[in-house]
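Student: Protein chains in written order, with UniProt numbering: chain A, 1 to 394; chain B, 1 to 394.
Please keep in mind that the hints were generated in silico from the structure rather than gathered at the bench. Be a bit skeptical, because a hint or two may be false.
In this list, chains with the same sequence are indistinguishable; a pair is considered to hold if it fits within one copy or across any two.
[Stated by the list, open to error] Listed below are the simulated BS3-like cross-link pairs for lysine-lysine, each with C-alpha atoms no more than 25 angstroms apart in a straight line: (1) K176 / K248; (2) K248 / K298; (3) K221 / K243; (4) K298 / K221; (5) K84 / K176; (6) K84 / K102; (7) K221 / K25; (8) K298 / K243; (9) K29 / K362.
Computed from a prediction, not measured in an experiment: that's the story for all the values here.
There are 2 protein chains.
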Amino acid sequence: MADQTIYRASTTAPVNIAVIKYWGKRDAKLNLPTNSSLSVTLSQADLCTTTTASCSASYTTADSLLLNSAPQTLETPRTQACLKALRSQRAALEEANSNLPKLSTFPLRIVSVNNFPTAAGLASSAAGFAALIRAIANLYELPANPSDLSIIARQGSGSACRSLFGGYVAWQAGEKADGSDSLAVEVAPASHWPEMRAVILVASALKKDVGSTEGMQLTVKTSTLFPLRANTIVPQRMEEMKKAIASKNFEDFARITMQDSNGFHATCLDTYPPTFYMNDTSRAAVRAVEAINRAAGKDVAAYTFDAGPNAVIYYLAENEGLVAGLFKSFLSHIDGWQVRRGQAIQASSATPLDESIASTLKEGISRVILTGVGEGPQKIDHHLVSETGEAITS
Amino acid sequence: MADQTIYRASTTAPVNIAVIKYWGKRDAKLNLPTNSSLSVTLSQADLCTTTTASCSASYTTADSLLLNSAPQTLETPRTQACLKALRSQRAALEEANSNLPKLSTFPLRIVSVNNFPTAAGLASSAAGFAALIRAIANLYELPANPSDLSIIARQGSGSACRSLFGGYVAWQAGEKADGSDSLAVEVAPASHWPEMRAVILVASALKKDVGSTEGMQLTVKTSTLFPLRANTIVPQRMEEMKKAIASKNFEDFARITMQDSNGFHATCLDTYPPTFYMNDTSRAAVRAVEAINRAAGKDVAAYTFDAGPNAVIYYLAENEGLVAGLFKSFLSHIDGWQVRRGQAIQASSATPLDESIASTLKEGISRVILTGVGEGPQKIDHHLVSETGEAITS
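Construct the complete structure from the given sequences, taking the supplied hints into account.
Tutor: As structure tokens, then:
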């Protein structure tokens with residue numbers, strides 16, 4: 001009689017928001033980037049994907065994935081590349097040790113939930129793929145370390161490779177054609193600079209201009225300014241940013257973060273036809289951050305924008321009142337000001353702000369998320385698949 | 001008894017809108033640009049400055065300028081540089097021929113009117129300085145040709161040098177430190193390609209982000225992408241654009257125009273702190289032009305944006321219905337659709353347009369201006385200063 005055991009492993013995984021942006025692939029199939037990137041992993045208390053991977057010889061259906069109770073396809077080339085790589089590593093273990101159950105041959109049943117709205121444009125695919133890869137690696141008891149797994153996760157969603165670590169994480173572009181040196185490494189753990197905070201201003205949902213996969217390849221193909229960014233500017237910024245993090249120099253961190261976000265969006269605008277991810281709301285957020293920094297007499301806040309209008313604003317805990325407090329002074333009516341730890345944020349109007357900036361943000365921002373630097377994926381015992389193999393979705 | 005004659009000369013001068021943008025000075029005092037630029041001179045039936053320069057030994061007041069009935073200062077370093085250069089050329093003539101009246105020693109009285117709203121962000125300083133320089137050169141009977149005068153006009157306002165010619169005009173950046181080779185030349189007269197039309201979508205007046213003089217120097221100083229644009233990209237585009245104009249290839253003209261506008265605004269966004277001239281209204285105009293071109297199956301319209309949110313959209317007369325007609329289909333309620341020549345434009349909704357694009361434009365555009373390629377400054381006999389030296393302001 002065949003093994004009827006339901007094998008299970010679960011993990012959480014975080015969202016990360018880059019301060020040096022990934023934009024452009026040198027190999028679209030392997031998701032190899034044109035340039036290195038660097039991100040801050042955000043606290044899973046605020047933004048987190050939880051995933052249980054299970055497998056069993058008793059499963060009679062094909063591999064399946066349930067995300068927030070809705071079935072998702074696993075039949076994409078990217079996801080298949082990830083599953084194939086993980087199964088192949090498991091099969092090697094099984095070959096070396098015939099006592100191991102043949103998990104690599106069993107159908108997978110994967111259940112995943114996000115603790116945040118998927119549609120908000122919050123890099124949910126990074127957390128999702130990181131959790132998927134980490135959960136299956138746990139299930140298969142692979143000896144792979146996070147950098148090893150980042151090579152697999154990268155093939156699912158580029159920025160997912162950075163979500164396998166906590167703290168401050170670099171994705172090294174690498175040079176090899178097979179992508180074996182295009183992986184994530186820890187620049188510094190969260191404990192090195194735990195004071196890093198972020199407030200995310202979520203812009204009212206509008207149709208996204210152009211998806212990032214399509215958008216970045218159009219930039220590579222048509223932007224005349226992009227090669228300078230990818231080949232020269234970003235490599236310099238990577239080194240400067242690592243130094244800023246090593247020395248916990250927030251002013252350097254802030255300046256490089258803002259310059260890199262602007263430079264990335266500049267190459268989107270230089271794309272033909274041009275891609276616009278920032279809108280008038282985003283620009284008002286830029287002006288608000290500039291007003292905060294002007295009033296403080298130094299850079300205490302740093303904006304960054306991914307491929308969408310949401311503003312992510314980094315600051316240090318000591319400046320929470322100056323930064324998050326200013327936004328609360330005119331956005332207190334929207335959702336998200338509850339804090340999960342620490343003190344509630346005091347609205348502060350210490351910074352003089354042009355009324356048109358405040359009114360543009362009031363109109364364009366639908367919620368805020370308060371968060372900060374956090375840890376990488378955590379193995380958990382609370383499974384989303386029952387002992388008998390059913391999805392636990394509530 | 002001294003000569004009591006009131007000497008007078010009058011001229012008109014046009015606005016020009018660049019299709020390869022001037023942005024960045026290599027010498028701020030002499031207004032020497034980092035890169036060459038190329039523009040289309042617009043018809044003076046639609047946009048025009050008229051200026052009378054007068055001088056007389058009988059004038060007892062200092063040099064003066066009245067613009068649209070309001071006194072303006074001439075005491076700026078730039079204007080003074082222009083007046084000094086013109087007086088010096090006149091003085092040389094007087095020295096060579098002692099029969100000439102000593103106009104170079106007389107106070108100037110200058111009266112100027114625009115036939116369009118000065119504040120609309122419509123390159124009024126280009127037309128204004130071109131008219132000022134041309135009128136005084138006429139008054140002084142200087143033998144200078146338009147290229148010679150463009151060297152003087154450039155010192156008043158960079159883009160003014162291109163308004164001394166009609167048609168298609170290049171401003172050669174030049175290489176010399178004294179600026180003697182930084183001048184405007186005719187690429188092609190208006191008669192070479194008279195079918196060129198433009199519709200200008202004037203965005204509702206809002207405070208300008210950063211003035212262009214300040215903005216361009218910040219770009220030169222801080223943008224990491226700017227050197228590539230100035231040194232490599234623009235020189236290539238200048239050659240391609242000259243070919244497109246020589247061969248009257250509208251599709252190439254359109255593509256290069258749009259790419260150069262986007263590339264210029266990209267370097268503004270890459271400036272630190274970033275400068276934003278385009279807003280959500282501008283972006284809707286970009287999307288509308290893309291929709292027109294998609295529906296036409298080729299580029300029949302080309303957008304370009306100066307240092308402000310107004311869209312200037314070039315097209316050929318044969319496509320007036322497709323281009324201007326589309327905008328009229330949802331902007332017919334605003335001012336500017338009266339045509340001074342030819343047929344009234346038929347509103348046309350042949351192009352399918354996203355409702356959100358139309359509604360953004362409806363909200364953000366306050367007037368349109370219909371125009372087309374036109375001639376350079378014209379000497380006129382209708383003076384704005386009377387025979388007795390009084391300003392004629394109505």
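Student: Give the relationship of K221 and K243 under a CA distance limit of 25 angstroms: within one copy only, between copies only, both, or neither.
Tutor: between (32 angstroms within a copy, 24 angstroms between copies)
Student: Evaluate K248 and K298 at a C-alpha cut-off of 25 angstroms and name the case that applies: within, between, both or neither.
Tutor: Cα proximity of K248 and K298: one copy only (15 angstroms, versus 53 angstroms across).
Student: Indicate which option fits the pair K29, K362 if close means a Cα-Cα distance not exceeding 25 angstroms: within, between, both or neither.
Tutor: Neither, since 41 angstroms and 43 angstroms both go past 25 angstroms.
Student: My question is about K298 and K243: at a cut-off of 25 angstroms on alpha-carbon distance, are they close within one copy, between copies, both, or neither?
Tutor: within (19 angstroms within a copy, 50 angstroms between copies)
Student: Classify it for me, K298 with K221: is the Cα-Cα distance of at most 25 angstroms met within a copy, between copies, both or neither?
Tutor: between (38 angstroms within a copy, 20 angstroms between copies)
Student: Is it within a copy, between copies, both, or neither that the alpha carbon of K176 lies no farther than 25 angstroms from that of K248?
Tutor: neither (32 angstroms within a copy, 47 angstroms between copies)
Student: Classify it for me, K84 with K176: is the Cα-Cα distance of at most 25 angstroms met within a copy, between copies, both or neither?
Tutor: For K84 and K176, the Cα distance is within 25 angstroms only inside one copy (21 angstroms; across copies 64 angstroms).
Student: How would you classify K84 and K102 at a CA-CA limit of 25 angstroms: within, between, both, or neither?
Tutor: within (15 angstroms within a copy, 91 angstroms between copies)
Student: Is it within a copy, between copies, both, or neither that the alpha carbon of K221 lies no farther than 25 angstroms from that of K25?
Tutor: within (10 angstroms within a copy, 30 angstroms between copies)
Hint compliance for this structure: hints 1 and 9 are not met, and every other hint is.
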